[in-house]
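There are 2 protein chains.
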Amino acid sequence: MSFDRLIKKIIEMKNPSVAGLDPRLEYVPEYITKASFEKYGVTLKAAAEAILTFNKALIDELYDVVPAIKPQAAYYEMYGWEGIRVLTETISYAKSKGMYVMTDGKRNDIGATMEAYAAAHLGTVAVGDQTFEPFGADALTVNGYLGTDGIAPLLKICTERDKGIFVLAKTSNPSSGELQDKCIDDTPVYAAMGDMCEKWGENTIGEYSYSAVGAVVGATYPEQLSELRKRLPHTMFLVPGYGAQGGGAEGLRGAFDENGLGAIVNSSRAIMCAYKKEGCNGADFAKAARREAVRMREDIVKVTGLSK
Amino acid sequence: MSFDRLIKKIIEMKNPSVAGLDPRLEYVPEYITKASFEKYGVTLKAAAEAILTFNKALIDELYDVVPAIKPQAAYYEMYGWEGIRVLTETISYAKSKGMYVMTDGKRNDIGATMEAYAAAHLGTVAVGDQTFEPFGADALTVNGYLGTDGIAPLLKICTERDKGIFVLAKTSNPSSGELQDKCIDDTPVYAAMGDMCEKWGENTIGEYSYSAVGAVVGATYPEQLSELRKRLPHTMFLVPGYGAQGGGAEGLRGAFDENGLGAIVNSSRAIMCAYKKEGCNGADFAKAARREAVRMREDIVKVTGLSK
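One line per chain: the protein sequences are A and B, in this order.
No gaps in the numbering here: position 285 of the first sequence is 287 in my numbering, and each next residue is one more.
No gaps in the numbering here: position 35 of the second sequence is 37 in my numbering, and each next residue is one more.
A couple of the hints might just be wrong.
To give an idea of the chain A side of the interface with chain B (calculated C-beta under 10 Å), a few residues [claimed, not checked]: (1) Gly43; (2) Tyr81; (3) Leu89; (4) Glu117; (5) Tyr119; (6) Gly152; (7) Met198; (8) Ser228; (9) Leu263.
The set of hints was computed from the structure by calculation and includes no laboratory data.
Note that CB positions come from ideal geometry on N, CA and C, so glycine has one too.
Next comes chain A alone, as it looks inside the complex:
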């Protein structure tokens, strides 16, 4: 009911990073897409199946190096319900390999509607006398703009089913400050949101002192990372913006506690498209992804100290 399961994997693999699976079709090597078009025609189903083949090959090369994947829901929704079917299969495949799965959906709503999202992504749904797990992720990113009514329905499922959530606090994008940096009684909105995370998580603190309610804090804002790490001792951070978005490993130092814990850093495109950067053959994409994941692990733990 905290992030202990994730943190144990991070320690075991000496790797506080997560591979973002945000598979735009143009990231998929052409030979895979072509084969899928031949089998299913030039359709959304073909696009989705090509992505699934791509994802599975990546997972096969990553599961013993990286503790978690973070599929970004938007890139699956983009291919309609066939894309969502493939999201489901990607989650299930990653879990079969022992990976921790965080669905990046930034979902938000209130009351019974938020319960529906919680059941969909982290919980179970009853149909007649049967019970189903529609998506079966371990964690979900959420947006806290609606306040406690939007978070409480998730806490129940986090507690009952040992799941976690990451609430947007300070996002990695250039315009994040338009609202998030504005001050409420001298407290920036991102810090106020962080304070709410501490409060929402207070009854779910695990053995590493982190609760089941984490926060999203961008690697592109190192000062806020350090400030929030000190301010929010029980809030695990999901840190986007490393690599492709411009944040480097040095800037990550402040996200981690003295044990090298308390944060997990995402990289999506740099891992998925490593084969393009290496200029190697498309057929070598999964091995190239593994090489980049290993490079990233070393880059991060050199700075944060988990390798000790």
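Based on these hints, arrange chain B on the given structure of chain A.
The following block gives chain B in isolation, referenced to the frame of chain A:
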């Protein structure tokens, strides 16, 4: 590229309301669910198909009374990808009957990821030499916590494809004030978000003076409705919280301009479950929904004056 298409329908039907299609399986009359279980087994597919049957029958009775439907994505995601397939079919069916469709997804992300959501819900997606419209809604609810980076990708599609968005400003739930009522330089967050809506929409203003960027403002906060109506002359309001959530028609008055325009009021459960409230036979559910939709229209226009 504004909300003109929607506003024209509202005027034509003398009805500034939208039917929320948030179909929990328990809202569906038993004879429909039972038939679906017999055909598809007790499965997520059976649940989804029962919901589709329910939705289509509701649309058949509502399309000449109510200008729009608002399917809530959470209640489809809840049934996994089969649920999302049925969301797609519901949207398509409502559009074939001439209804305006607003998907209530409260989506939010940045840059290329928000582009993916925009393409999924309001735009088109290219696969090989083909182009698909994955969901094909007319409008989408979104969450503006991430600032302009999260909204700009939508504006392009709104302009090019005559679509609209509704950004969460003041939500209808009891705890919405935890963040939204807090003040930034004497301006509450909900008003600051409203000001951003005015700015985001400034190049998309249509013939009724409303832009393509609307705001969600709850019926449960009549004072803020009136305040925001005056403050945001070009921002169309989507107003949840009428009926089941406790907001009455009298409190809606301030949401509308002097022409009875500028807002569209949602009712979900009261319409979908009208047959339960009436105590009538389940088989009469769609006619009961129509009766409630007509009652609601009269209740609202009596107060807001569009019937003149």
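Checked hints:
1. Gly43: holds, 9 Å
2. Tyr81: holds, 7 Å
3. Leu89: holds, 8 Å
4. Glu117: holds, 8 Å
5. Tyr119: holds, 5 Å
6. Gly152: holds, 7 Å
7. Met198: For A/Met198, the interface hint holds, since the closest Cβ of chain B sits about 7 Å away, which is under 10 Å.
8. Ser228: violated, 22 Å
9. Leu263: Violated. Min distance 27 Å.
Checked against the numbered hints given earlier, the structure breaks hints 8 and 9 and satisfies all the rest.
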